[in-house]
Structures are given as C-alpha cells and as structure tokens.
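Make the complex out of the two chains shown on their own, each in a separate frame, by following the hints.
Chains A and B are the protein sequences, given in the same order.
The opening position of the first sequence corresponds to residue 867 in this note's numbering, with each subsequent residue numbered one higher.
The opening position of the second sequence corresponds to residue 163 in this note's numbering, with each subsequent residue numbered one higher.
FYI, nobody ran anything at the bench for these hints, they're computed from the structure.
Take every hint as true, because none was put in to throw you off.
Here are the computed lysine to any residue pairs in the SDA-like style, where the Cα-Cα straight-line distance is at most 20 Å:
#, chain 1, residue 1, chain 2, residue 2
1, A, Lys1148, A, Pro1178
2, B, Lys170, A, Ala960
3, A, Lys963, B, Phe264
4, B, Lys170, A, Ala993
5, A, Lys963, A, Ile986
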Amino acid sequence: MPIIEVCNLAKHYHVYQKRAGRLASLSGLFRREYKQVRAVRDVSFQIERGEMVAFLGPNGAGKTTTLKLLSGLIYPTSGTATVLGFVPWQRDNAYRKRFSLVMGQKNQLWWDLPAQESFILHREIYAIDHAQFQRRLDELTDLLEVRSLVRQPVRELSLGERMRMELIAALLHSPEVLFLDEPTIGLDVVSQRKVQGFLRHYQVEQQMTVLLTSHYMKDVEALCRRAVIINEGEIKHDGPLAEIIDRFSSVKQIQLQFAGSEIPADIERFGRVVERIPPRVKLEVPRQEIPKVLAALLDRYTIEDVGVQERPLEEVIAELFIRKGSVAPDQGDS
Amino acid sequence: MSPALRIKWCILRTSIAERLAYRGDFAFATLVRFLPIVTQVFLWGAIYKATGPGDTTVINSYTYGDMVAYSLLVMVGRAFSSMPGLTTGIARDIRDGTIKKFLIQPIDMLDYLFWHRVAHKLVYYVIAFVPFALVFWLCGNYFRSWPDNVTLIGWGLSLVLAFMIGFLIESLMGLVAFWFLEVSSLVFVYMLASYFLSGHMLPLDWLPSPASDVIRLLPFKYLAFVPAAVLLNKYDHQQLLIELSLGFGWVIVLYFLNRLALARGLRRYSAYGG
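Looking at chain B on its own, in the form it has when it is part of the complex (with noise of 0.2 Å):
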C-alpha cells in the first residue's frame, strides 16, 4: 500500500475506533433518526386521504405508494449527504485554535476531513443496516418493480455524488468561518434552503416551471431527490448518464471552491485560542 493510502486507512481506522467509543449514545442517535419517515408515512397517508379515495389518489403523478417509496428513498440519500457537526466542528477547530494540528503536520485537512467523516457513515450504515432493511422490508409493496442493473449501479453512483457533494458543500461553510468566525446561522439556513431544493420535503418535479428549471441546476437535488428519483426509474439511461456527470461537474466545482477557501482562508487565519 503507498503511504498516502496507508495515511487514509489509518484515519479511517481511526476514526471508526473513535465513533465506537460512545456506542449506545450513536446506536440510540442512529435509531432516533428512523422517527421522521414513520411520521412522514402516517402524515402522507392523511394528505392521500384527504384529497381522493386512498390508494388510487394521484397528486403530481405520485401515487401514495409512489410518495412512501419515496420518502424512504430520500431518507436513504440523506443518510448519505447529511452531515452533522462538520460545518461547525470546522469553524469550532478554526474558532478554537484546533486546527493547528491540520497546519504543522504534513497531513491535508480536507483529506483528513474526509476520511473521518466516511468512518462515521460506515460506523452508522452498519449500525443503521437491519432497521433500514426491516423498513424497506415492511414498505416493500410500494416499490413497483425491481430497478435494472444499470439504475442499480446509477443509485449506487448518486449515492457517492450525494456524500461528496454534501461533505463539500458542509465544509465549505466550515471554511467561511476564517472570515466569519461564526456560523451557526448560516447552518440553520443551509438546513432550511437544503430541505426544501434538496426534494427533502417535497419530490422537485412537482415545482412548476421556472422555479424547478433554476432548482434542478443547483447542486442541493444531488443529496435527495436523485438519489431517489433514479430508483424511482423516473430517468431513462441516457438521462441517468446526464444527472450523473452534472452531479460530478458540481463535486469539481465544489472541491476547487474548498481548496480555493481554504488556501484563502489560512492566509488570513490568525490562530486565535492561544
């Protein structure tokens, strides 16, 4: 193995190691995340009721089958781009002085960054396995059918581009604290503007143009509605293939707009904190 792998094994390592050392809190915490899609199934069922006679009820082309399959779609996509306490803890290290030990150790923050927070979704997919499979298990009426392999490797593709875009787009917000020093309100609206453009509360394709023309070219869809939308077969291949370079050339974007922040970042960093 070269040593830049060996480094990025060992953070990983690492870092699994550290996410087990409060493992009833996480397992408890990983649990808890479960509660919002049982309310959002019992909260659709009642609009579906509302509106029409049950199950043949179709608002915006989703049937009420169509919308549980895909709320649980987007809680498994969020599961991957979701990413608590980055964007604070870097503006904590930046605040703080911790992160110092990212500038005087030839080691690259971002990369460790990285790392780590892949640690902490492998730590909470293996945790989260059996309760996500018992869910799709119970839910699994709602699927129309079983996706081909090329959406299945399409998914599979959406579900990295979610993780990295949402990794990048947290940590760029971490790295406006050189400038801001704190952000938590910049947090608290990234967490209300993602919910909504990400697809998170409601599917994108039921905004009316030109509104959903200028969400669907921001990168917010990626941690969502993609996700769900490509198991949900509601792109052919050849679109699947679009959506997918699109979600790459935002994860470009993203790294350089890192990189960019961070070198610019240091330059006026100041190492507060003693």
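In isolation and in its complexed conformation, chain A is listed as follows (with noise of 0.2 Å):
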C-alpha cells in the first residue's frame, strides 16, 4: 500500500499584479489586478514505503508548492493526497508525529542557541524518550561529523554545519516520511558529498521514505531511482531515473583522441560537435548511427581512445525544462 497518494491535487494563487510607475501605485490603491497562477495542476503519483523519490522541474514548476501540500503547510485548491493514511492539511498531531520537512533555505534551529538546545526542545515536543533520544543524537551527530560543534551557537556554525544540523532535527523523531527541499543548496563539494552519503545510508537503514527536491543532478543521481518530473504545475514524467536519458534523448555522445595534435577539419560529418579540445573532440551521434558512425571514424582516422556514453543527466534535464510544456520524447527514443 502506497505511504503517498496523491491524486489530481492542483494549488492555484491569485497574485497580484502591478504596473510600474507612480500612478499606477496610486491608482492599485484603489483598484488591483489579479492573475491567477497555477503552481499545481492534476497532479497524481504514488510512492511506497521505504522509496526515495526525486521530485525535480525548473523554478516555479511547482515542487516546493507541491511539498508544502504534503507537509500540510497550505490547503490544495482542489484534489487529494494522503501521507501515511492522513490528509496532510488537517495538520493531525499523529501526522507531524511522522514526518519532517527540511527547507534548505529555511532554518528552524535557534539562531543564537547551540543546536543541542534546539535538539532537547524537539525531545520534548516529540515525546522522545531519554535514552533513546541520546542514541539517536550520538548516532546522528557522528554520521554527519558534528558531535563536536552540538554546544556551538547557531549562528557561529558554517552553512554546511547548519544543514547537518537541520538534518539532525529533523530526524530525531525518527519520521517515516521526510520531505526534503534543496537540502544542499549552497553547500560546498565536501558538504554535499557528506549530506548525501548520510542521506543514502539512513534511508536505507530505516527504510525511510523519501520525496527529495533538488536542483543539483548529482544529489539526484546518487540518492535517488525513481524520478517525478513537474514542469508548469503538471507531471511530465514518473519513472526510472534512468530512463529519463533513454526516453528524452535520442543522441549519444562519442569522444575521440585522435593521433597527433589536430582535429580532422571534416569532422562535422560525422556529428554536433559539442566539445573541441585538440587532439580530443566529442561529438553527439544519433543512437542508431553509432555502430556506423564509429565504423567510419576508426576507419577514416588514427584514433588513441575512444569513448561512446550517455548525455549527462543534468543536460538531458536542462534541455527538458528549457522545452517548457512540451516535454514529449525525442524522436526516435527506444
């Protein structure tokens, strides 16, 4: 049975729109104009227990909106979702007993306290027992390397130590179900690299389910499997995150030494030349003209090394987000 369930949820706002200029400042005194914006639209999906789920699209697609329905933070304008069998907006006890939310850019430590203060606050709202909410806090600040930085204000951690912290309290209570918006936004490689490997492992061992928004591809290809793609509030693709290459792109990538220091001059003929580093060069092939296609290199030209992969995810769904509304499959997908 699903832990998610969403279905045909849609959150419209009405925003406010104003001219520029005094007179239209003056005149939105009296008189407004108001558009309405979709930010969801239909959307529907399923995720079961113990998944790990990336939910990606381009700002203002629609995932954080997404999100905060579940979270129970605003009410839908129409549709359904239960998480862990409760309608997320009734805001049930029970509910937020089992899950968290962690808003990368959003804290809910206190700013001037050490982050163990805010950690006994949640013993208690949580009703965490003593000696389990110790094992927990050792268990947790060790994995994320930070037991020596729990009597240290706030304020006076990095933002990468803030996050850990976050992270920290936000899994005390040990949810079932944990929302995760952007939790590496403006982290270094070193603290992306540590949240993800902590992510990874926990979700594994507590069989923890997980709906992840980010816009750094590698947090994605290494937490996550499955992928949700929303664009303009409606859901363009639910599925494999490998498959994401394979249904939207229909071109690989070749890559070529050659012998010596030039590139041939013709070497446009044989594909897109995406990256020219002489002697090295890569190129983007149709799938199906691979075999060929190389056939004729190796045949054409001294050729050192040769490499034939995949588009890179992050451009793959960079392509797919700048098409906007029209994500349809490449022509020719397999």
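Written out as structure tokens, the structure is:
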C-alpha cells in the first residue's frame, strides 16, 4: 500500500499584478489586478514505503508547492492527498509526529543558541524517550561528523554545518516520511557529499520514504532511482531515473582522441561537435547511428582513444526544462 | 510532569537561555526603559507647580504625590502588558515563511509564543527588579498607605490580566498579517491609541463622560490603568471583583478571536518565501 497517494492535486494562487510607475501605484490603492497562477495542476502520483524519489523541475514548476501541500503547510484548491493515511492539511498531531520537512533555505533551529538546545526542545515536542534520544543524537552527530559542534551557537556554524544540524533536528524523532527541499543548496562540494552520503546510508537503514527536490543532479543521481518531473504544475514524467535519458535523449556522445595534435577538419559531418580540445573532440550522434559512425571514424582516422557515453543527466534535464510544457520524448527514442 | 507541561517548561527554559544570549543589550534596554518615568515625574511636577501651590494642588482628585504613584504603577502595568516585537515578529514569520516550523511540528503556535513571551518577561523582571525596587523606595512617600491583602491579590491578578490581554491583542494584530502581510502601520496606530486608551498618558478617570464610559468598556484599560487603580484603592472589593471578572471575560473573547484568526489565516496562507 502506498505511503504517499496524491490524486488530481491542484493549488492555484491569486497574485497581485502591479504595473510600473507612480500613477499605477496610486491607482493600485483603489483597484488591483490579480492573476491566477496555477502552481500545481492535476498532479497525481504514488510513493511506496522505503522509496526515495526525486521531484524535479525548473524554478516555479510546482515542486515546493507540492511539498508544502504534502506537509500540510497550505490547503489545496482541489484534489486529494494522503500521507501515512493522513490528510496533510488537517495537521493532525499524530501525522506531524511521523514526518519531517527540511527546506535548505529555511532553518528551524534557534539561531542564538547551540543546536543542542533545539534538539532537547525537539525531544520534548516529539515525546522521545531520553535514552532513545541520546542514542539517536550520538548516532546522527557521528554520521554527520558534527558531534563537537552541538554546543556551539547555531549562528556561528558554517552553512554546511548548519544544514547537517537541521537534518539531525528533522530526524531525531525517526520520521517515516521525509520531505527534502533542496537540502544541499549553497553547500560546497565536501558538504554536499557528506549530506548525500548520510542520506543514502540513513534512508536505506531506516527504510524511510523520501521525496527530494534538488537542482543538483549529482544529489539526484547519488540518491534516487525514481524521478518525477514536474513542469508548469503538471507531471511530465514519472519513472526510473535511468529511463529519463532513454526517453528524452535520442543522442549519445562519442569521445575521440586523435593521434597527433589536430582534429580533422571534416569531423562535423559525423555528428554535432559539443566540445573541441585538440586533439580531443566530443560528438553527439543519434543513438541508432553510433555503430556506423564509429566504424567510419576508425576506418578513416588514426584514433588513440575512443569512448561512447550517455549524455549527462544534467544536460538532458536542463534541455527538458527549456522546452517548457512540450515535454514529449525525442523522435526515435528507445 | 505531563508531556504538555514538559513542552511548556522546555520552551520556557530555552527561551530564557535565548534571552540571556544577548545579556549586555538586554540589560541596557531594560535600564533605559526607566528613563521615561523620570521625565514623567518632572513633567507632572512642572504641571502641578504651574497650576497651584505645589503639594496641596489637586487635579481631578489626584495630588502630585498621587500622580507620581499612578505613573509608577502604570510603568509596572506596562512592564507586564507591553509585548515588544510580538506583532511584527508574527507578521515577519508569516511573510517570510518561518511560521512553517509551527505548522509542521506537533506544537501549538500561540501556546509556543505565549511561553516564549513569559520567558522574556521573567528575565526582564529579574533584571529590572533592583532598579524597580530602588525607584519605589525613593518614591515611597507618594504612596498613601499599604494596601490590604485582598487589594494586593487583586493587583497581582490585574497584572496577570495585563500580561494576557497585552499578549492576546498584539498576537491578534500579528495574525492580521495573514491578510495584509505588512502590519507596521497597524502597530503604530495601536501604540498611539493604547498610550491614550490604556491610561498610560492620563488616568482614565480624568476623562469626561461619555468618552470615559466608552473607553472603560474596552480591554485597553487593563494594560495600565486597572493595575494602577487597584493598588491606589480606586476600587472597593466589589468593584475590584467586577473589574477582574470583566478583564477575564476580555481574555476569553480575545483568545477565541486569536484562534479564529489563526484558523482562518492558515486557510488562506500561501507559505511565501520558499
């Protein structure tokens, strides 16, 4: 039975439209124009227990709005959703004890106090047994390598350390469902990897259900097998992450290193050149033509090294977002 | 201790710790709050001197000594009923999305804010106790007599009411941000109105009818006038009971208005700010 069930969920906002200029500001005092923004429209999906699903989309696609709906922050305009059998926006305490929401750009720790004080408050709010709390706190601070920092005021922690503390606060009560909204935003590579490694380990160990939004495809590739792509409030893809490349990219990349220091002048007739650093070149070639093109290249030139690879997920998804609304598979997809 | 009480206690303890994080600034702000009373004492001194021969002059049944005593007691009342930063804090949380922590955790936002504020006040009283005691000792002669026990208990209760009503009015104004987002003008208007309507500026029994009759029906008098009037023996025991009961009635009304505003506000909340 799915842990998260979303059916035809929609959220529309009325947004004030202000024209530029002083006259418009004055007239805005008496009459205002509003535009209806359909942040989420007719979204449906299901997530099983223990799944870690990436929720992808460009800015303004409706990802965060969906997370806000599922965590009960806002009411929907229409549609239904249940998480762990609860309707999120009813804000039942029994539900709120069983999930967590972490937003990379918002913090819930007390800014002027050591994180430890916030953790103790969480212990009381979530009625966590003292021994269990201490055990879990030790485990989480060790895994995230912040044990020595829990007595330092939060304001004096680095962004990466703060984010790790936020994760600890969110996980102390062992939530069954975790909503992560860009948990690595603004973090350096080292902190990103620490957070990724921790989430991967902890999710598997606890069999937590996780819905993750992130603009960093490295997060997504490292953590999720399934991806839901949303754009303009609608779901455009829901399936294995690996399928995205198959479905939306009809080309592969051939990397060549020629003998000598030059790249042949007529190389463009074999495919689209995406990178050229003599004597190396990267070509994009339709999938079905790979064997034929490779054979022709090997036959015609002296090549020192060759490799065929899929396009990076990041590129495929970026292209997908740019197409805005017309997310149909490429011609000739497999 | 029950889980609910343990949460309140923990919020209180954590809030006290937070308040003490900036102890220098807090102590300075606490001491600076005594300056207006000094200017008020001198101002009333000048007014009474200009009106007649010093100590014997009576204005609207208040001698100069009564007026100083009234001003001091109003200061005590305001120390309970003023809630610096509460309205703007709630509005900011609504505007920038920080309010989410109250919505996703199994915790009641108003309850949390209440105990947070209790903590702030407790720290304030501890720091302000010595200066308060010094001021009252220096001005001891202006108080006519030591009140009886019933009046003292009534005064204590009136201060509790001042705190509750002050908290509930300002939190209600903060919740208005669900509709208007920006409430700084509302805060400004409230500050001006409550300065007058609470009896902070002038004793409310100086006002002529029918203005005084209307003002006495409003909850603002509990913010300053009622606590001062109780200790100055302006009410007999029966009137005291009526005033306290009415104040308690206002607490109930304001509590339900807060609950209504929160419930309605959350329905239209859009969780701005990411």
